[in-house]
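Trainee: Fit the two chains together into the complex; they arrive one by one in their own frames, and the hints show the way.
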Amino acid sequence: MSQTSAPVRPRTAARVALVVVGAAAALLGLLVVVLLVRSATALPTLDRLTVTDLHLGNASTPPFLEGVDHVGRAWYSGVSLELVVPPQDVVRLALAVRVARSLGVVAVCAVLVLLCAVTLRGRPFARSAPVALITAGLLLVVSDVVADVLDGRLGSRVIALLGDGVTSGATDGGSYEGLAASTEILLSALGVGTLLCVLGVVFALGGRMQRDTERLV
Amino acid sequence: MPRKAADAQDAEILCRLDVLLAERGMTLAALSEIVGVSVVNLSVLKNDRAQAVRFSTLAAICDALGCDVGDLLTRAR
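So the protein sequences, as listed, match chains A and B.
The first sequence begins at 1 in this note's numbering and counts up one residue at a time.
The second sequence begins at 218 in this note's numbering and counts up one residue at a time.
Okay, chain B solo, but in the shape it has when bound (with noise of 0.2 angstroms):
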């Protein structure tokens, strides 16, 4: 059965920041002083514990980073 957009259960989305911090080398507080975020909501974002990700954060990341909001984000499944 489809899930609703208001449903409380896992989204199942992870984020692969750590990944692409390890193969650029860079570290989590470098990227917070590029893109403007807190190195704690990077955290929440890196450990797959946000809830929803800013269209504006996303792309600042993927700038910094040189990715595509795919190689970010994927699905668990």
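Looking at chain A on its own, in the form it has when it is part of the complex (with noise of 0.2 angstroms):
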């Protein structure tokens, strides 16, 4: 169908924005695409490995804050660590989360080029507009599941790696800081991707209102 109402483009300042903030997405999107491949491709031979945020089970008070006034109560919440010469199956979960992290981000900045670009060229309601938010929302929110799901069987599989001595518990005569098997899987991506594709559905009303006024004389 060819168009004849001209396109509204918007206003330079407008424009320069939308110019500043789709290069920098597309940067953004491009860095954690490199980081990835370089990732992928350092990992299986690096000697050492950082695993962080374990979860910390009977997390002791840090001694600094002991007798502080105005703290009533203060614990460790995580432990980092690195480890040496990691196995196989612990560098493959370190690769699968961050894949699986930048899966989601990738996807956020490609629709955001995507928005930015139709936005310039004056026809936001493009029809590959609703398409992509809702698609990006659904990855986001499938790949930061994933991830988690992902962060915590690494989590469990250093542990079991690093034995029975370093995990928290409990005795007859009270509990024991160490470490402990978590999987918490974080609220906020949830919320950005459904946030995506509530967007998506509205791309999909705002084209079919952009396309009643085509061809309006």
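Treat the hints with caution; some may be incorrect.
One-sided excerpt, in silico: chain A residues whose CB lies under 8 angstroms from chain B [said to hold, decoys possible]:
no., residue
1, Glu-214
2, Arg-215
3, Leu-216
4, Val-217
Over the 12 angstroms line for every Cβ pair with chain A, so calculated as not near, a few chain B residues [claimed, not checked]:
no., residue
5, Pro-219
6, Arg-220
7, Leu-237
8, Gly-287
9, Thr-291
10, Ala-293
These are computed hints drawn from the structure, not numbers from a lab.
These figures come from a predicted structure and were not determined experimentally.
Don't be surprised by glycine CBs; every beta carbon is placed ideally from N, CA and C.
Mentor: The structure is reproduced here in structure tokens:
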């Protein structure tokens, strides 16, 4: 279908902002992909692997906060450690976590670049926008949940690798501090992913309204 | 079978703007000046490529040409 209604191009300030945001998103997406490729090539050959935010059970109070005024209770929340000569399955899990986390970021960057481009062309309600927004939203939700689950499995695998001596637990005399396996699914990415899906539906409605005004005299 | 408003098929409505302009010896550019609608949009209307026309546009064109809506738009069959 030919389009005779003129595209409504944004004003100069908005165009500059769109170019800056679009370029920044493209660069960030590219950077994430490059870092991911570097990780994928370097990780299997590394002799050390950093694992962050392992959950700490029965956490003790940091000594420097004991008896400090205004502090009712204080505790450590996690442990980061560097594994020496990590087993390949641990490396593969760590890489899978990075891939899953990066997928969502790349999807959001790609959809941001697309939205900036179609808005710059004066056709913000392009047919591709709803599909891209909903796909990015779903990808963000799925990849983040998968990353959280894999992160939990990575923690469990590391704890199993280090042995029973590092885990937290309880005895007749009380509890003792140590690592504890846990899987936490954060809701922030779920919220952003849902928002993108809703925006996709809004853009689909906008596209229909835009088509209704085409060839209107 | 009666058509629906949202049907994609051709509405089969013809615009007689070229005939009315010729009868009055008026150009599209002159009409554009009078009614305040771009020549491009008037050309779309004249060549039956418009999908919708605002009532205000119809009224302005009819006023400028001294005709009725029925003189401007007709069914193809």
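Trainee: Now tell me if each hint is right for this structure.
Mentor: Cross-check of the supplied hints:
The closest approach between the C-beta of Glu-214 (chain A) and any C-beta of chain B is roughly 7 angstroms, which is under the 8 angstroms cut-off, so the hint is satisfied. A cut of 8 angstroms between beta carbons decides the hint on Arg-215 (chain A): the least distance to chain B is about 4 angstroms, and the hint holds. At its closest, the beta carbon of Leu-216 (chain A) sits 4 angstroms from a beta carbon of chain B; the interface hint therefore holds under the 8 angstroms criterion. Because the smallest distance between the Cβ of Val-217 (chain A) and any Cβ of chain B comes to about 5 angstroms, under 8 angstroms, the interface hint for this residue holds.
Distance to chain A confirms Pro-219 (chain B) as a non-interface residue, since its nearest Cβ pair spans about 21 angstroms, more than 12 angstroms. With a cut of 12 angstroms on Cβ distances, Arg-220 (chain B) stays outside the contact zone with chain A, its closest approach being about 17 angstroms. At the 12 angstroms boundary, the C-beta of Leu-237 (chain B) stays outside the reach of chain A, the nearest C-beta of that chain being 15 angstroms off. With 12 angstroms as the threshold on Cβ separation, the claim that Gly-287 (chain B) sits away from chain A holds: the shortest Cβ distance comes to roughly 18 angstroms.
No beta-carbon of chain A is positioned within 12 angstroms of the beta-carbon of Thr-291 (chain B); the least distance is around 17 angstroms. Against chain A, the non-interface label of Ala-293 (chain B) holds: every CB pair exceeds 12 angstroms, the least being about 17 angstroms.
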